[in-house]
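One-letter residues, chain by chain:
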Amino acid sequence: MSRLRFLLAGVFFGIVLTKAEVISWYRIYEMFRFESFHMYGVIGSAVILGIIAVQVIKRFNIRDISGNPIVIQEKAKRFWPPLIGGTIFGLGWALTGACPGPIYILIGNGFMAFGVVFLAAVLGTFVYGLVMNKLPQR
Amino acid sequence: MKELITAPWPWYVAGPLITLVMVLMLLFGKSFGISSTLKTVCSIGGAGKWSDFFRFDWKSASWNLFFAAGAIIGGYIASTFMAPEQAIALNPATVASLQAYGIDNAGAEFLPRDIFNLGNLLTTQGLIFMVLGGFMVGFGTRYADGCTSGHAISGLSNLQWPSLVAVIGFFIGGLIVTHLILPGLL
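Respectively, the protein sequence lines represent chains A and B. Using the working numbering, the first residue of the first sequence is number 1, and each one after it goes up by one. Using the working numbering, the first residue of the second sequence is number 1, and each one after it goes up by one.
Any given hint could turn out to be false.
What follows is a set of in silico ranges between Cβ atoms, one per label pair, in the way DEER data are often shown [what the hints assert, rightly or not]:
id, chain 1, residue 1, chain 2, residue 2, range
1, B, P183, A, L135, 23 to 31 angstroms
2, A, I72, B, Q99, 42 to 50 angstroms
3, B, T124, A, G44, 16 to 24 angstroms
4, B, N117, A, Q137, 34 to 42 angstroms
5, B, L4, A, N61, 33 to 41 angstroms
6, B, Q86, A, Y40, 18 to 26 angstroms
7, A, V71, B, G102, 50 to 58 angstroms
8, A, L119, B, Q125, 12 to 20 angstroms
9, B, L186, A, E74, 38 to 46 angstroms
What the hints contain is simulated information worked out from the structure, not anything from laboratory work. Beta carbons are placed, not taken as given, at the ideal position from N, Cα and C, and that holds for glycine.
Only chain A is shown next, with the shape it has when bound in the complex (with noise of 0.2 angstroms):
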């Protein structure tokens, strides 16, 4: 039952990204060509606003429903693997109009050749095991 909580919190997610247009391929096509506020202002305020809850976070020590405390953990300090992969997933994005919560949401939304779009992207996940050893990874 504990997981319930994780299959609500998606639900609220997918009716977000839906009502405001995230998961369109035209809102995304229009960010890249800077022809509109409205995604800079729902990555940019949600981003505002999380720094700030993060903040208060660390600054009243505050815990988790476990009673354990919320640690936030760190990205590993690294330069090329954010850059290339950053820039490839950046390909795809443009090209699919969905980063990953997307293409879940599509697929709920009855968008069903995003189902072969999530393989794809499956696909590349594994492939990029294969690989990672000959990838710069520092």
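Got chain A; can you put chain B on it based on the hints?
Here is chain B on its own, set in the frame of chain A:
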């Protein structure tokens, strides 16, 4: 009242609600990040036989799959019970640019269905948009160690440098495709 539910939600509603999801995940003792579900799926599928990268206790990560399953359900609920009657209010310049590429009625649906449909899968265009695009989403997010949720939202909220580098990468890739590749592809 019904209008509040069916009308599209503006950015200043959606952004704070996304922050709320991130904070909820922290309160649940986890961190907000969705691309890792793809890694979990690989592990469940037996990818550990091929690479140590996938050899981890995926049962401990299965909460993430519940979140992904919820996202699918949320998409279904929103499209079934909360769907707007109007088109997406895109910038007219955006609509005009797509029309020049032969994409009519931009914004009438969430995406250009002529491109994203299973019947188009085995064309060069379909393979590039759906298969190559999806592949790069999966490969790139794992190499970058995060996607829009893990890097742009969670990572920037925690003021992490690698996340800023990743977001710059997201835009390098997105701008290349939108401005240099799509014009020849659409």
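Going down the list of hints, with the structure as the test:
A C-beta distance of roughly 30 angstroms is found between P183/B and L135/A, which places it inside the suggested range of 23 to 31 angstroms. Under the hint 42 to 50 angstroms, the C-beta atoms of I72/A and Q99/B, about 45 angstroms apart, fit the expected range. About 36 angstroms separates the C-beta atoms of T124/B and G44/A, a value inconsistent with the hinted range of 16 to 24 angstroms. Between N117/B and Q137/A the Cβ separation comes to about 38 angstroms, which falls inside the hinted range of 34 to 42 angstroms.
As the Cβ distance of L4/B to N61/A is approximately 37 angstroms, the hint placing it in 33 to 41 angstroms holds. Evaluation of the 18 to 26 angstroms hint for Q86/B and Y40/A yields a pass: the beta carbon distance comes to about 22 angstroms. The hinted window of 50 to 58 angstroms between V71/A and G102/B holds, with their beta carbons roughly 51 angstroms apart. A hinted range of 12 to 20 angstroms for the beta carbons of L119/A and Q125/B is consistent with their spacing of about 18 angstroms.
A beta carbon spacing of about 40 angstroms between L186/B and E74/A agrees with the range 38 to 46 angstroms that was offered as a hint.
The structure fails hint 3 only (numbered hints given earlier).
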